[in-house]
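Just so you know, the sequences run in chain order B and Y.
In this text, residue positions in the first sequence follow the UniProt record's numbering: the first is 1, and each later residue adds one.
In this text, residue positions in the second sequence follow the UniProt record's numbering: the first is 1, and each later residue adds one.
Don't read these hints as lab results, they were simulated from the structure.
No residue lacks a Cβ here, since even glycine has one placed at the ideal position from N, Cα and C.
Fair warning: there could be bad hints in the mix.
Result set (SDA-like, lysine to any residue): computed pairs, CA atoms no more than 20 Å apart in a straight line [said to hold, decoys possible]: (1) K55(B) <-> E10(B); (2) K64(Y) <-> D289(B); (3) K16(Y) <-> D289(B); (4) K30(Y) <-> N215(B); (5) K123(B) <-> A196(Y); (6) K309(B) <-> I106(Y); (7) K197(Y) <-> K309(B); (8) K2(Y) <-> K50(Y); (9) K123(B) <-> R18(Y).
To give an idea of the interface, some chain Y residues facing chain B are shown, with a C-beta separation under 7 Å as derived from the structure [as the list claims (entries may be wrong)]: (10) A54; (11) T167; (12) F170; (13) V190.
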Amino acid sequence: MNSKIKLAFEKIVGTSNIITNDLNPFNTDWMNKYVGSSQIVLTPQTTVQVSQILKFCNENLLKVVPQSGNTGLVGGSVPINDEIIISLKKMNKIQEFDLNSAILTSESGVILDNLNNYLLQYKYQMPWDLGARGSCLLGGNISTNAGGLNVVKHGLLRNYILGLEVVLPNGKILNLLNKNRKDNTGTDLKQLFIGSEGTLGIITKANVLCIPIPNEKKVFFLELKSFQDVIKVLQKVKRNEQLLAFEFMEGRILYKNMHRHNGNQLPFQFQEDRYYVLIEISGQSINVDSFSMDMMEFTQEIIMNQSEKEAQFLWKLREEIAESMGKMGYVLKYDVSIPPDKFEWLVNQIYPKREGPFHVYYGHVGDGNVHINIVFEQLEDLHKEEDKIEQKLFGLVKSEGGSISAEHGIGQHKRKYMELQKGKDVLECMNEIKRLFDPNGIMNPNKLL
Amino acid sequence: MKVLVAVKRVVDSGIKVRVKPDGIDLQGVKMTINPFCEIAVEEAVRLKEKKLIAEIVAITIGPKQGAESLRHALALGADKAIHVTTDARIDQAVQPLDIANILAKIVERDNYNLVLMGKQSIDDDFNQTGQMLAGLLDWPQATFASNIQISDGIAQVIREIDGGLQTVKFKLPGVITCDLRLNQPRFASVPNIMKAKSKPLETIPLEKLGKLHNSIQITKTEAPAIRKGGAIVENVDVLLQKLRNEAKLF
Numbered sequence: 001m002n003s004k005i006k007l008a009f010e011k012i013v014g015t016s017n018i019i020t021n022d023l024n025p026f027n028t029d030w031m032n033k034y035v036g037s038s039q040i041v042l043t044p045q046t047t048v049q050v051s052q053i054l055k056f057c058n059e060n061l062l063k064v065v066p067q068s069g070n071t072g073l074v075g076g077s078v079p080i081n082d083e084i085i086i087s088l089k090k091m092n093k094i095q096e097f098d099l100n101s102a103i104l105t106s107e108s109g110v111i112l113d114n115l116n117n118y119l120l121q122y123k124y125q126m127p128w129d130l131g132a133r134g135s136c137l138l139g140g141n142i143s144t145n146a147g148g149l150n151v152v153k154h155g156l157l158r159n160y161i162l163g164l165e166v167v168l169p170n171g172k173i174l175n176l177l178n179k180n181r182k183d184n185t186g187t188d189l190k191q192l193f194i195g196s197e198g199t200l201g202i203i204t205k206a207n208v209l210c211i212p213i214p215n216e217k218k219v220f221f222l223e224l225k226s227f228q229d230v231i232k233v234l235q236k237v238k239r240n241e242q243l244l245a246f247e248f249m250e251g252r253i254l255y256k257n258m259h260r261h262n263g264n265q266l267p268f269q270f271q272e273d274r275y276y277v278l279i280e281i282s283g284q285s286i287n288v289d290s291f292s293m294d295m296m297e298f299t300q301e302i303i304m305n306q307s308e309k310e311a312q313f314l315w316k317l318r319e320e321i322a323e324s325m326g327k328m329g330y331v332l333k334y335d336v337s338i339p340p341d342k343f344e345w346l347v348n349q350i351y352p353k354r355e356g357p358f359h360v361y362y363g364h365v366g367d368g369n370v371h372i373n374i375v376f377e378q379l380e381d382l383h384k385e386e387d388k389i390e391q392k393l394f395g396l397v398k399s400e401g402g403s404i405s406a407e408h409g410i411g412q413h414k415r416k417y418m419e420l421q422k423g424k425d426v427l428e429c430m431n432e433i434k435r436l437f438d439p440n441g442i443m444n445p446n447k448l449l
Numbered sequence: 001m002k003v004l005v006a007v008k009r010v011v012d013s014g015i016k017v018r019v020k021p022d023g024i025d026l027q028g029v030k031m032t033i034n035p036f037c038e039i040a041v042e043e044a045v046r047l048k049e050k051k052l053i054a055e056i057v058a059i060t061i062g063p064k065q066g067a068e069s070l071r072h073a074l075a076l077g078a079d080k081a082i083h084v085t086t087d088a089r090i091d092q093a094v095q096p097l098d099i100a101n102i103l104a105k106i107v108e109r110d111n112y113n114l115v116l117m118g119k120q121s122i123d124d125d126f127n128q129t130g131q132m133l134a135g136l137l138d139w140p141q142a143t144f145a146s147n148i149q150i151s152d153g154i155a156q157v158i159r160e161i162d163g164g165l166q167t168v169k170f171k172l173p174g175v176i177t178c179d180l181r182l183n184q185p186r187f188a189s190v191p192n193i194m195k196a197k198s199k200p201l202e203t204i205p206l207e208k209l210g211k212l213h214n215s216i217q218i219t220k221t222e223a224p225a226i227r228k229g230g231a232i233v234e235n236v237d238v239l240l241q242k243l244r245n246e247a248k249l250f
């Protein structure tokens, strides 16, 4: 690391906000799949510091990677080479919550869980929820338009962002903050930054519309004989406004994970050829009976939680799938959108008769979003198969009018498929906007576009 | 054989409690069956599945929401339920000796062979009711059960005690209180929850069976001190200095 550069950063953020040792956790993504070689991590504490950093980097053509919780699944949050990592974790002040408008104003480096803990006193919560809630930061959620578990009821994250403060690659601070529920005053620039995966600027503050904490919640776990039954149940209960989450899982992974819960009562003796669904309902005063009757049209194998502990355990069965597969070997992870009734067909196209390496499909069937995980014992085998599988999978997804990335984003992983997904014209338009904001190409290079 | 299972409704252990000067804030707080009572219900159901008992009756004392815990017990496999109604605070004003006296009345009325209950409730941790009930009935008791065998009218119970495990045997009828490792309660199935709605539930106002004497007064409720962060010390000298000056150990 050039000493002149380090000195310049010291002047901006001070030595206590510069890290040059033990950079492995910053350089490596959550799956240990993508590893960069950055020599320096900066942890600015104010928007002005972020602005000064970017101004300096832009003038000196230094490439940067903005990093939040580093929980992304497509290699978007780690450097590819020795880009300078700008970590937002110290921008962690929650500024205020307006109880009348339910609008939260916060810096972007606050952990999602901490936002919810803060909002608890007002009986409000963040409008999105995901497994990484204990580590992911607000800015990372916004810049990836994080999806998660409750989209089926609450919709997309971007619908809840009313305002942003963004620092552009040239250091200019763009004040798009807004605490009004309604504001029709021109081009909605903040939408460009939401989901842009840190390629257009760094989000430093946000105004978020929050939602009331429901009075009542219940979690159901169902055992079904086939994937088509999953779809039938979904079609029936989707009409019910109480539906908060609808997640499906294959018996084959729940069966494999049973040993992780020795001594704990399971909702069912999981069977490999069955399908399991976790349904959560919420409301200010929920009607469990009518919901139960709806589900019982399709199966008698339904359990309901009686306590918070049971609810947490049932969710654990769903949320541990990704991690448990990671422990089995090297995992190829896909996250696509296609019409839900085609999930089973899609997987069978990749692995007819479900032969081949151990693979599982599961996820947010309520949103038409399926996660497909394929485990390889050897890293070489994964690399050998990766391109072949992806070409086939993404080709099929595209032919069904789907999306190659429902919620995880593009990052490094799916960059080469952007033209397939978006087409030349759309991609060129995206690139023009990128060039407009970041003419020197310093902002999270070689990601997304 | 008929079994009476006593269940208490308590604040859900999965949520954070809020402390008010006069006790735990129960306003709008999620409540559920006491974990040890749930274990007692599960054990009764397993004994019935083994055909060692013929009928399970669940009983609770409390306000009208208490019926939810009885429906839970019925959904798990109890046959009937008894709801002794009172609006007194169940976590403060409904106390072990009074509960034991009321349960004793029901035991004498309905002629049970066995009473199962949790060893203690997680709100007051008294761990007295089962023992007092056995005393009032002049029945044998086995507390902290981690294993229960019943055959030919004899109960053999393995108890968890400080020194390890103790096995006791007694002729029924008797009282057994249940500990954590006795079993893992099953999830309630939705069809069973629906069926439970039509199982018999008898309601009796508390005054018909007994009285609440409030012989124990709660004078203060406070949250534990907030845990201070730990620190890694560089060497033994610093450790000794902290033990002396901060922890004031010597």
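Checklist entry - Among all the numbered hints in the text so far, which are the ones the structure does not match? => result 3, 5, 6, 7, 10, 11 and 12
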